[in-house]
Amino acid sequence: MNPSDPPDFEALAASLAKVLGLPVDAANLAAVAMNLALAYRLAPGFVDFPLPDTLEPAPVFDPRPSFVAQP
Amino acid sequence: MTNWTHESGTRIARAVRQGEVTARSVIEQHLDRIEAHNPRLKAYTDITAGRALAAAERIDARWRRGETLPPLAGMPFAVKNLFDIANLPTRAGSKINRDRPPSETDATAITRLEAAGAILLGGLNMGEYAYDFTGRNAHDGHSRNPHDPERMTGGSSGGSGGCVAAGMAPVALGSDTNGSIRVPSSLCGLFGLKPTYGALSRGGSFPFVTSLDHVGPLARSVEDLAHVHDAMRGPDPRDPACWGGSSAPLVPEIETGIAGLRIARAGGYFGRMASPEALEAVETVAGALGATRMVEIPEAQRARAAAFVMTMTEGAALHQERLRKRVGDFDPEVRDRLLAGAMLPGAWYHRAQVFRAWYKEAVAELFRQVDILIAPATPVSAPLVDQQVFTVDGQDLPVRANLGIFTQPISFIGLPVAAVPVWPDRGMPIGVQVIAAAGRDDLVLRVARHLEREGICEARIAP
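Protein chains in written order, with this note's numbering: chain A, 2 to 72; chain B, 100 to 562.
Just so you know, these hints were derived from the structure itself, not from any lab.
Values in this document were obtained by computation on a predicted structure and should not be read as measured data.
Honestly, I wouldn't trust all of these hints.
[Claimed, not checked] No more than 30 Å apart at the CA atoms, straight line, and that leaves these computed lysine-lysine pairs for DSSO-like:
1. A:LYS19 to B:LYS424
2. A:LYS19 to B:LYS459
3. B:LYS194 to B:LYS459
[As the list claims (entries may be wrong)] Derived list of chain B stretches under chain A, where covered just means 3 residues or more per stretch with a C-beta under 8 Å from a C-beta of chain A:
4. 419 to 431
5. 436 to 442
6. 456 to 464
7. 545 to 559
Quick reminder that beta carbons are idealized off the backbone N, C-alpha and C, glycines included.
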C-alpha cells in the first residue's frame with residue numbers, strides 16, 4: 002500500500018471487529034467504517050494539539066467512598 | 100373557560116394555589132390534549148394518567164382542607180423516558196431496555212418536583228440511548244415537530260420538545276450530553292436550561308456519557324425554567340457528580356435585569372459553520388442585548404472533536420455487552436456509531452480528557468473579560484424528518500452528527516446555557532445559546548428573562 006493512499010476503513014473495521022469480538026455484519030460494515038473514518042478525521046484536532054505533559058485528565062478520582070464524599 | 104394547556108406552569112400553579120381552578124381540571128385538559136395530538140406527534144411513550152389524576156385529587160383535597168399548597172401545586176410535567184418512573188421499565192428510547200423490570204422508584208428529579216406539587220403526566224420519546232440530535236426513533240416512531248410535523252423536533256430529548264411546543268405539558272425534563280436539551284429547544288422554539296454540570300441530580304436516570312451527562316428543563320417560559328430548577332436543586336447521593344455547589348435558587352434572580360453585564364458574541368467557529376438564519380437569530384439577540392463585542396472561544400472546534408470522540412468511546416463502553424448480546428435490537432443508526440466507538444484507541448480518550456482540562460481553563464480565562472457569550476444553538480432550523488444532510492459554509496454535513504456542532508464545545512466543559520427561541524418573519528424558529536461561566540446559571544436565566552420580557556424571544560404553542 003502506498004502511504005499516501007487513503008486508509009481502508011472497511012478493512013480496519015472488519016479486523017478490529019474480529020479482534021475485539023464485536024458483532025459487525027457485512028451488511029453494516031460500511032456504516033461502521035464511515036463512523037470510524039469520521040472519528041479518525043476529527044481526532045487529530047485534539048490528539049495533535051500540544052498540551053503540557055503534567056496536565057491531569059479532567060475527571061478527578063475521589064478515593065473516599067461515596068458515603069464519606071457526599072457533602 | 101380558560102385553556103390551561105396554553106398557560107405556563109407557574110401560572111397554573113398560582114391558579115391552583117388560589118383556588119381559581121382545580122388540579123384535576125388542569126390535568127384533565129392536558130390528558131385530552133395529549134389524546135388529541137400525541138398519535139400524530141409521538142411525544143409521549145407512556146402516559147401516567149391514573150397516577151396524575153390521583154395526585155391532582157390529593158392536591159385538591161389539601162386545598163379544600165385549607166392547607167397551604169407547595170409552589171408548583173398542580174403544574175403538569177413530563178420526563179424524557181430515560182428517567183426512572185416507578186412501575187415502568189426505563190426504556191431510554193431503546194427496545195432492549197423495555198425488557199427490564201419496572202423501576203421500583205422514581206428518579207430524584209421526579210421525586211423533588213412532586214414534592215413541590217408538580218404532577219407527572221408520563222414518559223417522553225427520545226433518540227435511542229440519547230445518542231441522537233434528531234428526535235428520530237426506530238422503535239417508537241419519530242418525534243414530530245408540532246410547528247410543522249414534516250420536520251424533526253431535534254434530539255435526543257425530542258419528545259420533550261414536541262410535548263411542550265404542542266401544549267401537552269408546560270414543562271418537560273430532558274437530558275443533555277452534547278446538546279440534547281438545547282437542540283430540541285432550538286428546533287421547537289422553546290426555552291431550555293442546561294445547567295452547570297453537576298448542578299442538578301441525574302439520580303435515577305439512564306446514563307449515556309457520564310462525564311458529560313446533564314439533566315434540565317424545557318419550557319415555554321423562563322420563569323418555569325427557574326421554578327423547576329429550584330425544585331430540583333440540591334446534592335444527591337444517587338449522583339456522584341451532583342455536588343450542589345453552584346445550584347443557588349434562580350427564581351429570586353431572574354427579574355434583576357442585565358445592567359452591568361458584559362455580553363459578547365462568539366465568533367470564529369460559531370460564525371463560520373452557521374446558516375444565515377442562525378446568524379440572523381444571533382444578530383437579533385445580540386442587538387437586543389447591546390452586545391457589539393465579538394470574541395473567540397479558544398479551540399472550540401478541537402473541543403467539539405474531543406467531545407465527539409469521548410462520546411463514542413464512553414457510549415461504546417456502556418453498551419458493549421448489549422452490543423454483543425442483542426445487536427439486532429439496536430436502532431441501526433445508533434448501533435453503527437457505538438460499534439465504531441468500541442474500536443477507537445484508548446489513548447485518544449485519555450487525550451480528550453486532558454484536552455478538556457486545558458480547554459476548561461482557557462475558556463475560564465475568557466470569562467474574566469465577559470459575563471455572557473451569545474452563540475447559535477443549532478446551525479440550521481428544523482430539517483425534514485427524513486433529511487440526511489444540510490449545507491453550511493459550502494459543506495454538506497450529515498444531520499444526525501452535526502446538529503450539535505455548536506452545543507458540543509459548551510457542554511464539553513459543563514458551562515450553564517439557556518437556549519432562547521427566535522422566530523423569523525416566516526418559517527421555523529431557531530435557538531440562540533446564552534452561555535455563562537460555570538456556576539453562573541443565574542446569569543443565563545437573567546438574560547433569557549430579559550429577552551422574553553422585551554419580546555425578542557418567545558415560545559409559541561403550535562395550534
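Go through the numbered hints given earlier and state which of them the structure violates, listing their numbers in rising order.
2, 3 and 7
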